[in-house]
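Just need the whole structure built from these sequences, with the hints factored in.
This is what each chain is made of:
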Amino acid sequence: MKRKAVLFLVAFVVWCLLNWPPDWQHLLAGVFVAAFCAFMTGDLFVTRPHMLKHPLRYWHFLFSYLPRFFWECLKANVDVAWRVAHPRLPINPGIVKIKTSLKTDTALTFLANSITLTPGTLTVDIDKDKGVLYVHWIDVKDKDTKKATQIIAERFEKILRKIFE
Amino acid sequence: MNELIGLIFISLGLAFDVFGCLGLVRLPDVYNRLQAATKCVTLGTASILFGTFLIVGFTAAGFKAILCMLFLLLTSPVAAHAIARGAHRSGVKLWEKSVIDRYKEDKEGEA
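As they're listed, the protein sequences go chains Y and D.
Everything in the first sequence is counted per the numbering used here, starting at 279 for the first residue and increasing by one.
Everything in the second sequence is counted per the numbering used here, starting at -2 for the first residue and increasing by one.
Derived by calculation from the structure, the hints in this document are not laboratory data.
Small disclaimer: the values here were computed from a predicted structure and weren't measured.
All clues stand as given, with none of them false.
A short list of chain D residues far from chain Y (calculated; beta carbon distances all over 12 Å):
| # | residue |
| --- | --- |
| 1 | I5 |
| 2 | I7 |
| 3 | S8 |
Here are the simulated BS3-like pairs of lysine-lysine, each with C-alpha atoms no more than 27 Å apart in a straight line:
| # | chain 1 | residue 1 | chain 2 | residue 2 |
| --- | --- | --- | --- | --- |
| 4 | Y | K381 | D | K101 |
| 5 | Y | K381 | Y | K282 |
| 6 | Y | K425 | D | K101 |
| 7 | Y | K424 | D | K101 |
| 8 | D | K101 | Y | K408 |
| 9 | D | K101 | D | K90 |
| 10 | Y | K421 | D | K90 |
| 11 | Y | K377 | D | K90 |
| 12 | Y | K419 | Y | K406 |
| 13 | Y | K419 | D | K101 |
| 14 | Y | K419 | D | K90 |
| 15 | Y | K408 | Y | K436 |
| 16 | Y | K425 | Y | K440 |
Now the stretches of chain D that chain Y is said to cover, found in silico as 3 or more residues with beta-carbon under 8 Å:
| # | segment |
| --- | --- |
| 17 | 21 to 30 |
| 18 | 56 to 62 |
| 19 | 70 to 80 |
Cβ coordinates follow ideal geometry from the N, Cα and C atoms, glycine included.
Quick look at the structure:
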């Protein structure tokens, strides 16, 4: 029930923002639409509702994950733009394997997405049971699993563990 | 003032989008092209939307721009991930000068 309530609230807020400025007909329709969404997909969206109650997690998300993410994202863009514009195309691509100790679905999803949006790396596949991610790297600096993990994943792992585990 | 900052964001976004498209043309294989497409096009488009939000402010269009930005940041890496995985599974080869392919090694080990 709690899960569905969370999804209902999120869906309703998104609906309100899409139908700005609010007016009672839109709000009424929104209640029905959000309730339908919550009824159909409520069990998939939030699997552990008690995790939403810790204010410290939001704090870490807003003030240590987001700035980090945007900074890395900007660096990624400048890096790729430089490689593309360079006349000799300085790329050295390959798929490497990295290990992660994160366990939960949300944390793994965020890790994979962050890796995709950061300099030169793109997640190809996840093996959840072994805790292994396969990452396409545009400029392979080290083929060894341990060292690649250090370079690619560590900057996010620590922060994500505080937020999602 | 807001309009000026918004225009700066929009021009930056356009520049990144141009680099993304250039990458699509110049880079050698699917995976490298996906790199250029996801990174540059995601941040470029997000930056254009943010510039729009700064110019129009908290109006109907502004809120929609912010929502689009959120969904874009959430979904575009997932799409890239799905395309890359699908391409690899259906046998698209890496560029011949690629240095290593651990994914293929592991898959062959299983089979």
